[in-house]
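Assembly of the complex is requested from the two constituent chains, each provided in isolation within its own frame, with the hints serving as guidance.
Chain order of the listed sequences is A and B. Here the first sequence stands for residues 1 to 508, where the numbers follow this note's numbering. Here the second sequence stands for residues 1 to 165, where the numbers follow this note's numbering.
These are calculated hints, taken from the structure and not from any lab test. This structure is a prediction, so every number in the text was calculated from the model and none was measured. All C-beta atoms in this analysis are idealised placements derived from N, C-alpha and C, irrespective of residue type, glycine included. Hints are not guaranteed to be accurate.
Claimed, not checked - A few chain A residues that face chain B, going by a derived Cβ cut-off under 7 Å, partial list only: (1) M11; (2) T35; (3) Y216; (4) V220; (5) S226.
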Amino acid sequence: MVREQTWEQEMERRLAGLPPESVGEGPEGFTPWETAVSRILWGLVLTTFRLEVLYLQYLLPLVGTVELYLGFRSLRRENRWFFGCWVLTGISLILRIVGTAGQGTWLWSRLSGCPAAFWTVAALSLALELLRLLLLRQGLRRAFPGGDGSRPRDWLAPGIAAWLGVAALAAWGTAEPVPAGGSWVAYGRLFLALGLFIAFFLLLRRQLLALSLRGYQVTVSPVRLSSGGVWCLSLGLTLALLLPALLWGARPPSPHGEKAAPLSAAAAESRENLLALGLPAELADLLSEEDLIRCAGAEGAAQTNNPQPNHQALSPRAEIGGGLLEGSTWVVALPGGTVRFFHFFRWLEMPRLRLQEGFQVEPDNAVSLAEDFSGQLRWRQGEEWLTAPLEIRLAGGQEAEALSEFDRWWYESELAHLGRLQWEPYAAFSLPAGGEEVGGYLAYTLQGSRTGSTVNGGVHYYHQSRPLYPYADMGRWLAGRGGMGDLFASAPYDRLMFQNGVWPQADG
Amino acid sequence: MAGDLERLLDKYSGMMAYVVRGILPQDQEAEECLAEVRKKLAEGLPRYDPEKGSHATWITAVCRHAAIDHRRRLDRRQGEALTEELADSAPGPEEQLLQRERAERLRDALLALPDGERRLFYRKYYYLQSTAQLAAELGTTERAVEGKLYRIRKKLQRELGGDRW
Chain A
1 MVREQTWEQE
11 MERRLAGLPP
21 ESVGEGPEGF
31 TPWETAVSRI
41 LWGLVLTTFR
51 LEVLYLQYLL
61 PLVGTVELYL
71 GFRSLRRENR
81 WFFGCWVLTG
91 ISLILRIVGT
101 AGQGTWLWSR
111 LSGCPAAFWT
121 VAALSLALEL
131 LRLLLLRQGL
141 RRAFPGGDGS
151 RPRDWLAPGI
161 AAWLGVAALA
171 AWGTAEPVPA
181 GGSWVAYGRL
191 FLALGLFIAF
201 FLLLRRQLLA
211 LSLRGYQVTV
221 SPVRLSSGGV
231 WCLSLGLTLA
241 LLLPALLWGA
251 RPPSPHGEKA
261 APLSAAAAES
271 RENLLALGLP
281 AELADLLSEE
291 DLIRCAGAEG
301 AAQTNNPQPN
311 HQALSPRAEI
321 GGGLLEGSTW
331 VVALPGGTVR
341 FFHFFRWLEM
351 PRLRLQEGFQ
361 VEPDNAVSLA
371 EDFSGQLRWR
381 QGEEWLTAPL
391 EIRLAGGQEA
401 EALSEFDRWW
411 YESELAHLGR
421 LQWEPYAAFS
431 LPAGGEEVGG
441 YLAYTLQGSR
451 TGSTVNGGVH
461 YYHQSRPLYP
471 YADMGRWLAG
481 RGGMGDLFAS
491 APYDRLMFQN
501 GVWPQADG
Chain B
1 MAGDLERLLD
11 KYSGMMAYVV
21 RGILPQDQEA
31 EECLAEVRKK
41 LAEGLPRYDP
51 EKGSHATWIT
61 AVCRHAAIDH
71 RRRLDRRQGE
81 ALTEELADSA
91 PGPEEQLLQR
101 ERAERLRDAL
111 LALPDGERRL
121 FYRKYYYLQS
131 TAQLAAELGT
141 TERAVEGKLY
151 RIRKKLQREL
161 GGDRW
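Just chain B, with the same shape it has in the complex (with noise of 0.2 Å):
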């Protein structure tokens, strides 16, 4: 399990950094952040099913959500604004349902987009990347980015029915 562990990490190093550093771009806190990742992978790979998704479907996740959840405790300490969080109490039957529609409506707009509006998109809203450094990645200014945001935010907007989705 130990060498499992140590395989995966050589394979996927390089990927952790890479969606951490997105979300933290401080190297003491992407640092601190990854020692977390690291340590939860250890605990989760004995109850990692093959079935849900592929190791790196897996382990992304896991660094995202650690990623946010770091950042979320810097912003507290810091005295900023919470951002919004899931209630703690389960949602009752009506708002599953209106959830999992919800989530599929927009799955089907995602799929509507070309790929690489769809890509930027995860990117953003995903992968919570800096417009600065999604800029860089796809060759192009920040203007131009954000006028590419821009445009695919109206066209979610008119798929799912304007901003009351």
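Just chain A, same shape as in the assembly (with noise of 0.2 Å):
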């Protein structure tokens, strides 16, 4: 202790001959408000800008709002504008931490996906910023009076006004991601908003400089949490919060499982006579009584094969997951010159993680328009057997009109023949918590066949392997067709793809 005191005697000593300019650091710097405002320019900078690389677009505003919390904390008892500012980030620092671990939940893509919704919460969230920005602008100027009474140069205002304009183009690009003016006006508004944005950073930085010699008086407030306890606290919740809501929440709810009811006299006629035609019995298991009903009658069925030795990896079973999936396709001849194909899966081991599944098919686009689809889940729940019918949505169908000029020459046989693009049926599920031999279907009928022929079109069942952040919806995905620029593109899935080989002769 008395070596300390004399170390720190020497120090107050010796930096006697060496004020602050010898080693670059102005008086100017040294003032009671310099650590807490630079926190909320530097805030009001990380929450304002977007940078969509590198998860950066929801770790800035995350780190921006806990920079403002902490700046807004040292003012908080300067002025009540100040207060205002503390409490306003407080509540939106709560609701970064939830937003940032909901965004890895299906919930919050819902809500996303639904535009009421998301433009309620997008306006309550600029609406709370610009409060923000008003208060900040009032509280600096009653705290940093000069000493002939004057207020600080108001750069504050059009930084406002600039961080409007920034929020306006945003609007817009959301709303209408290409602007109906083409590609250059969407460039225009991007050049614009960087513009407005960096000369927003700019009026900040002035408005940081206007206060030079300027509030000595103001009152900084002790705090009993160190910044670093501050820090440790939001990351820490924010990390436990994402945890159970990538694994638990990134999982939509699976379907609402019934006890399979015993067929129908009518439905186990139609079921004996798919198992003399050859369909295996535990492919017949799946179908469910309005499906067995409408094959009643059947005249023929038969499984496609795979003839083409250059169609690759079109292997009816495959790893995933670290289960084991094994798909097939089944072609049933109805009466009166139709036939109904039936895509089966079944899960022979589950896998490890049940997020989201997606079975898409493409159905033969040279025959007719693919119609009356169905679809159904079993499964084993401890003792019992339950299922629960697929939703089934279309994608494709495109009329010429709604096609660009390069796809309508792409799909001219297709448009030509079915007068819009084929439907491709998929559903989007989960699989059922704690269900064994999960196994499945989706079905549609088509008026007519192609004997002998190649079966165009593929089959794809899709598995997430692993968690993913942010949520992406894999229906919707499936709905888009899921292009190149898609984010579950890149998403950590595997693919069993089994490919429908030749149309069966008609005695099957």
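Structure (structure tokens):
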């Protein structure tokens, strides 16, 4: 202790001959508010600018909000405007933490997919930010009078106008990603937003400089929790919420299963007929009562096969996500010249994770428009067998007017034959928790057949093999045909692809 | 000249009070000291040389010096142990050279510190701000400030060759 005191006295003595300027530090830099206001300005920059790379669009706003909170925390007792900023920032910090974790859940995805909810949240968020900026401006003008009683030069007012410009352009960009004027308007919008953001940043900096030699009487509040402690708490809470969000919240609700009811006489008879025609029992067990009745009087049933040696990776079985999945396609010839396709999948060994599954079919486009879609899931829960209908949605089916010139040329024969593009039914679902031996199918009818010809189209089963942040909705991806630029295209999923092979002969 | 002084005092009064109150927290002592500072500034303004530093630098140095002197006088009146003072006699050439070398080494060591640590160091040992004031103005706890100062001290001692500098 004595040695420490001697050291401190020696330091005081020596620094008398080394004023701050000798090490490049002007006296203007030593103020009560420097740290707090710097935090606030950096926080504003980080929460305004959105950098869509390496997850920075999630990290930087969180960092910025914590900095804002720390800055306003120090100034909360100076005046009521700063106190208001502190309260608003505390609220936005909690919302930011919850939102950062929430973006890993299916619920958040549903909310953001609902325009009313999305725009309400966006509007409230913008209103909160704007209110905070206005309170900050008022707080600065009151807390930093000059020696002659004047207020500091107001750079924040034009800064707020620039910020509003950025917000308006961002809203326009979200509402209308590619405006009617074409891509040059989109580029112009982008550069204007960038320019306004730079102006916002420069005006914030000018405001900081305008506070020089002012505000020495500002009251800074002591704190009980260090800034490091606030950081640890904020990041710790985010991670604590993120983990369950990714593991459990990223799993959409499973279909509600009901105990498989005994088949009616008609359905049982149809099932027997299908078994006699060659359909395996384990696949017939997957069929619903309604589909069995549809198949009443079936005249033939055959599995499509994969004859072309150049169709690679078309194994009917694949190890996916630590499990074993099997797929097959059966064609049932019905009275009246129609055929009903049944695309089956069965988990012979369940996978490690049960997050999202997708099942997508591309029916043959050379026969007729696919119609009468149906599907079902069946699984064992303990000793009971449960079933649930698969919710089938349709992608594709565009008419010529809705296509680009290139697409109209590319799909010319399909449009000529079917009148529109072929439907592409798909189902997005999650495997039932605790369910074993899960299987299912997707079915549709075509008017006619092409016996002996190659079956056009394909079947794809997608299994999300690890958690994904942010949550990307499998169904939304399948609906958009999963373009290269789509987020889910780079998602961690496994795929079993089994191609329809050859249309079977009429007698199966 | 009087007008110049008035303008300086108007412009820097906040800064002057900030520097003095960091060393003399009691209102009465601070006001007395500020009165002395204004007198010194009035006396020193005709001799002020802008080549040696800005007005802010000069005024800060006067405030600091006056506040430290005022505190020493208070300590003597209250019978507290005298703090070590510089010897009155001018140092010899050898001693002057040694002092210049030490000052250079200390300056280099301070320049090697990150900006935030350097400013904290100056707040503590040049402006003599209390740990409580430092903690509040930096938005952290006193314990965190003490920890940072301890680490800065260790760094400087390593840079400057241990305690025997």
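Discussion item. To test your reading of the hints: which numbers does this structure violate?
Written reply: Of the numbered hints, all hold.
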